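Last residue of the sequence shown: 372 (the numbering used here), numbering continuous.
Don't take each hint at face value.
DSS-like mimics (lysine-lysine), calculated; alpha carbons at most 30 Å apart, straight line [claimed, not checked]:
hint, residue 1, residue 2
1, 225, 264
2, 166, 225
3, 340, 239
Think of the hints as simulated: they come from the structure by calculation, not from any bench. Keep in mind the model is a prediction, meaning the values are calculated, not measured.
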Amino acid sequence: MTTQTRRAFTLVELLVVIAIIGILIALLLPAVQAAREAARRSQCTNNLKQLGIALHNYHDTNGVFPYMRGGTTGSDSQTSNRTSLTGFIGMLPYLEQRALYEMISNPLDSNGDGTPDWPAFGPAAWVSAYPGWQYENSQVEALLCPSDGLAKSKNDSFGQKSYVMSVGDSIQGNNGWRRTRGLFDQYRNRRFADITDGSSNTVAFSEAAIGRKNGRRVRGNIAVVGKGIYDNPSTCLATMGANGEYATTVSKVYGRRGSRWPDGRPLYSGFTTVLPPNAPSCGWDARDWEWGIYSATSYHPGGVNVCMADGSVHFIRETIDTGNLAQKEGARQGRSESPYGIWGALGTIQGGEVIGQGVF
Numbered sequence: 013m014t015t016q017t018r019r020a021f022t023l024v025e026l027l028v029v030i031a032i033i034g035i036l037i038a039l040l041l042p043a044v045q046a047a048r049e050a051a052r053r054s055q056c057t058n059n060l061k062q063l064g065i066a067l068h069n070y071h072d073t074n075g076v077f078p079y080m081r082g083g084t085t086g087s088d089s090q091t092s093n094r095t096s097l098t099g100f101i102g103m104l105p106y107l108e109q110r111a112l113y114e115m116i117s118n119p120l121d122s123n124g125d126g127t128p129d130w131p132a133f134g135p136a137a138w139v140s141a142y143p144g145w146q147y148e149n150s151q152v153e154a155l156l157c158p159s160d161g162l163a164k165s166k167n168d169s170f171g172q173k174s175y176v177m178s179v180g181d182s183i184q185g186n187n188g189w190r191r192t193r194g195l196f197d198q199y200r201n202r203r204f205a206d207i208t209d210g211s212s213n214t215v216a217f218s219e220a221a222i223g224r225k226n227g228r229r230v231r232g233n234i235a236v237v238g239k240g241i242y243d244n245p246s247t248c249l250a251t252m253g254a255n256g257e258y259a260t261t262v263s264k265v266y267g268r269r270g271s272r273w274p275d276g277r278p279l280y281s282g283f284t285t286v287l288p289p290n291a292p293s294c295g296w297d298a299r300d301w302e303w304g305i306y307s308a309t310s311y312h313p314g315g316v317n318v319c320m321a322d323g324s325v326h327f328i329r330e331t332i333d334t335g336n337l338a339q340k341e342g343a344r345q346g347r348s349e350s351p352y353g354i355w356g357a358l359g360t361i362q363g364g365e366v367i368g369q370g371v372f
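Please construct the entire structure, taking both the sequences and the accompanying hints into account.
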């Protein structure tokens with residue numbers, strides 16, 4: 013009777029197989045990662061389309077666009093919201109978030125004494141004890157970009173958001189004490205009739221990467237550089253350091269973009285069309301209610317998604333023309349072209365700029 017011996021892999025053959033598998037993984041992994049990012053970017057685009065539809069529905073119902081920041085007046089943060097609320101709150105019913113809107117606008121009377129636990133439309137946006145602001149109750153999927161790793165992680169006690177409203181190319185006073193040149197302003201509503209540059213040429217929303225507390229990353233945090241950013245925005249651009257962080261020469265970095273979803277102040281809810289996408293953001297002071305340059309940022313390679321006032325969504329590349337960044341911002345009164353190139357022109361509602369074909 014003949015016996016057959018089974019030939020095993022030699023060590024050399026085994027090493028060759030392992031090497032081939034390693035090469036295949038190295039070749040396929042970037043493709044898999046690219047496919048995943050494409051899917052995340054597609055979802056982000058869809059979120060912005062939904063925001064565009066909600067914006068139009070809001071305007072159809074109310075005759076105006078929401079303000080970027082507003083609310084009830086008063087000096088007590090517990091009994092009024094001190095005009096600190098983002099306009100996204102008013103858009104909640106048009107984002108299929110009626111339940112959250114009702115929680116905020118008509119607070120419960122938990123003990124039945126006839127007095128609600130909180131004032132209508134809540135306390136100030138920084139009161140963390142209020143249920144309507146808390147992470148567990150207010151993480152709205154439509155306001156979170158899946159490419160942002162912090163979008164679904166509990167970064168603080170507040171809910172978060174990835175999308176912000178355009179104040180155009182306005183820098184000084186964009187925290188409320190001066191009118192902005194963008195679609196959104198604080199305490200003031202605008203209408204379609206105000207957009208003389210055309211709704212297809214005017215940006216409404218963009219992305220802002222969520223910042224981490226005590227972080228130094230350019231995406232999500234703000235460098236303090238003083239009032240010079242108003243006269244010469246390029247001083248803000250110069251704060252960019254290595255590996256996506258602020259330069260070591262920047263002594264103070266603060267803020268957490270997107271980390272407090274109900275807050276309507278520009279650090280949390282606005283962006284400027286001055287520096288290009290994914291550029292630094294800079295405040296003149298380390299207080300979160302102050303004005304500054306708040307850049308559009310994302311974790312999509314090469315740029316950010318934006319929603320225009322007509323509801324269309326486009327990808328704006330980091331290489332978009334930003335004009336003369338060493339020039340002081342334009343005049344607030346009357347029609348004047350933005351000094352910050354095509355990006356600045358897309359931010360203004362009445363700049364009078366002519367934007368050619370192929371911008372997107």
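Hint check:
| no. | hint | result |
| --- | --- | --- |
| 1 | 225 to 264 | holds (13 Å) |
| 2 | 166 to 225 | holds (12 Å) |
| 3 | 340 to 239 | holds (12 Å) |
Violated hints: none; the structure is consistent with every hint.
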